[in-house]
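In UniProt numbering, the protein residues as written are 1 to 122.
Source of the hints: derived by calculation from the structure; they are not laboratory data. One thing to keep in mind: the hints can contain errors.
Cut-off 20 Å, straight-line C-alpha distance, at most; resulting in silico cross-link-like pairs (EDC-like, lysine to aspartate or glutamate) [unchecked claim]:
#1 Lys-112 x Asp-101
#2 Lys-59 x Asp-6
#3 Lys-112 x Glu-94
#4 Lys-38 x Asp-48
#5 Lys-112 x Glu-71
Pairwise CB distance ranges (calculated) [unchecked claim]:
#6 Lys-38 x Asn-70: 17 to 27 Å
#7 Thr-29 x Glu-98: 13 to 23 Å
#8 Lys-49 x Pro-14: 29 to 39 Å
#9 Met-1 x Asn-70: 16 to 26 Å
#10 Phe-61 x Glu-106: 15 to 25 Å
#11 His-76 x His-118: 16 to 26 Å
#12 His-118 x Lys-38: 30 to 40 Å
If you're wondering where the values come from, they're calculated on a predicted model, not measured in any experiment. Ideal Cβ placement from N, Cα and C applies to all residues, glycine included.
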Amino acid sequence: MNPAHDYINRSPEPYRSIMLHLQLLVESTIPEAQLKYKWHLPFYYLDDKTMFCFFNFRKIFVDLGMSYGNELTNQHGKLIAGEGRKMLRSLRFETLEEIDDQMVIETLLELKEIRINHKKKK
1 MNPAHDYINR SPEPYRSIML HLQLLVESTI PEAQLKYKWH LPFYYLDDKT MFCFFNFRKI
61 FVDLGMSYGN ELTNQHGKLI AGEGRKMLRS LRFETLEEID DQMVIETLLE LKEIRINHKK
121 KK
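The whole structure should be built from the sequences, with the hints applied where relevant.
As structure tokens, then:
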């Protein structure tokens, strides 16, 4: 089994359900995103080298972490920096019911634009 899928499927409930729902949102919103496994976490890439987002189960919540998240507008006021993060931001969920699909989709689409623009600058 793919280690990223294994990480998600071996997580306890309700966190497994949270990650499965987030997986559905990421893959339906950004169909070109590729699920890989890096630093012992499920990571999505826009291509082989462009990190996009990741899932991180932490005892009582799941982080949907986003590289270059510091450049997001945080229009919904839900992004969390924390833990000395300079460029990473995350959306944090303790229950499946906390997930606002529209907010996650809007955040993912904005992040995609940021990541594509960074790639063009290189």
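Okay, the hints, checked on the actual structure:
For the hint pairing Lys-112 with Asp-101, the CA-to-CA distance comes to about 16 Å; that is within 20 Å, so the pair holds. Between Lys-59 and Asp-6 the CA atoms are separated by roughly 17 Å; this keeps the pair inside 20 Å, and the hint holds. Between Lys-112 and Glu-94 the CA atoms are separated by roughly 25 Å; this puts the pair beyond 20 Å, and the hint is violated. Proposed proximity of Lys-38 and Asp-48 is supported: the alpha carbons are some 12 Å apart, at most 20 Å.
At most 20 Å may separate the alpha-carbon atoms for a hinted pair to count; Lys-112 and Glu-71 meet this at roughly 11 Å. Range check, Lys-38 to Asn-70: Cβ separation about 20 Å, and the 17 to 27 Å hint holds. For the hinted restraint 13 to 23 Å between Thr-29 and Glu-98, the CB-CB distance of approximately 18 Å keeps it satisfied. Checked against the given bound of 29 to 39 Å, the beta carbons of Lys-49 and Pro-14, roughly 33 Å apart, stay inside it.
Taking the beta carbon of each, Met-1 and Asn-70 are about 34 Å apart, not inside 16 to 26 Å as hinted. Hint check: Phe-61 to Glu-106, Cβ distance near 21 Å, so the stated range 15 to 25 Å holds. Against the hinted window of 16 to 26 Å, the Cβ-Cβ separation of His-76 and His-118 comes to about 22 Å, which satisfies the hint. Between His-118 and Lys-38 the Cβ separation comes to about 18 Å, which falls outside the hinted range of 30 to 40 Å.
Hint compliance for this structure: hints 3, 9 and 12 are broken, all remaining hints hold.
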